[in-house]
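The listed protein sequences derive, respectively, from chains A and B.
No gaps in the numbering here: position 64 of the first sequence is 64 in UniProt numbering, and each next residue is one more.
No gaps in the numbering here: position 28 of the second sequence is 28 in UniProt numbering, and each next residue is one more.
Treat the hints loosely; a few may be bogus.
To be verified - Pairs of lysine-lysine residues, derived as BS3-like cross-links and limited to a Cα-Cα distance of at most 25 Å, are as follows:
(1) B:Lys-46 / B:Lys-71
(2) B:Lys-46 / A:Lys-50
(3) B:Lys-42 / A:Lys-50
(4) A:Lys-50 / B:Lys-38
(5) B:Lys-19 / B:Lys-30
(6) B:Lys-30 / B:Lys-42
(7) B:Lys-71 / B:Lys-42
Read the hints as simulated data drawn from the structure, not as lab findings.
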Amino acid sequence: MDFSSPSPPMGSGQSPEALMEQVQAQLQQAYAEELIETLRGKCFDKCVTKPGSSLSSGESSCVSRCVDRYIEAMGIISRSLFSQQR
Amino acid sequence: MDPNLANNPQLIQFLSQEKERAMANEVVAKITSSCWDKCVDKPGSKFSSSETSCLSNCALRYMDMTMLIMKRFQQQ
Chain A
1 MDFSSPSPPM GSGQSPEALM EQVQAQLQQA YAEELIETLR GKCFDKCVTK
51 PGSSLSSGES SCVSRCVDRY IEAMGIISRS LFSQQR
Chain B
1 MDPNLANNPQ LIQFLSQEKE RAMANEVVAK ITSSCWDKCV DKPGSKFSSS
51 ETSCLSNCAL RYMDMTMLIM KRFQQQ
């Protein structure tokens, strides 16, 4: 992922459509970066309890399950909060 | 910024929609972080039914608690 490319200045003689697209893209990137940061913290806490000289295969597979379950947990929680029967 | 752009109704609607989405996103992120710590011990290849119901109860109780705290401040 390339986080370094600077974006052009906003709203300089752009059409509203182009501006919306640009805002959307930047939001997506910000959300993704935030999620990655969260996953790093959460999965390190759960999976790498005693850091050794390298990541063991058990730790690696724990991390991959952790990422999947965390995203699933976000879905479960957002459904309980925003589903109709509330 | 182009003043016409700032008054563009399509753009205003888009921004308020994105703002709402960002707020919902933030609530989900916050609650998931707390409830993950409480409900999930070791992440397995599938959630157990008790983990699933813990997560969903946790989210709803978090909201109940939010209401309680707000009420507490309203009655000064």
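How the hints compare with the structure:
This hinted pair does not check out: Lys-46 (chain B) and Lys-71 (chain B) have alpha carbons roughly 38 Å apart, beyond 25 Å. Restraint check for Lys-46 (chain B) and Lys-50 (chain A): the C-alpha separation of about 24 Å stays at or below 25 Å, so the hint holds. At most 25 Å may separate the alpha-carbon atoms for a hinted pair to count; Lys-42 (chain B) and Lys-50 (chain A) meet this at roughly 14 Å. Restraint check: the Cα-Cα separation between Lys-50 (chain A) and Lys-38 (chain B) comes to about 21 Å, which is no more than 25 Å; the hinted pair holds.
Proximity of Lys-19 (chain B) to Lys-30 (chain B) is assessed by CA-CA distance (about 17 Å); at most 25 Å being required, the pair is judged to hold. As the CA atoms of Lys-30 (chain B) and Lys-42 (chain B) are separated by approximately 20 Å, the hinted pair is consistent with the 25 Å bound. For a cut-off of 25 Å, the pair hint linking Lys-71 (chain B) to Lys-42 (chain B) is broken: about 36 Å separates their Cα positions.
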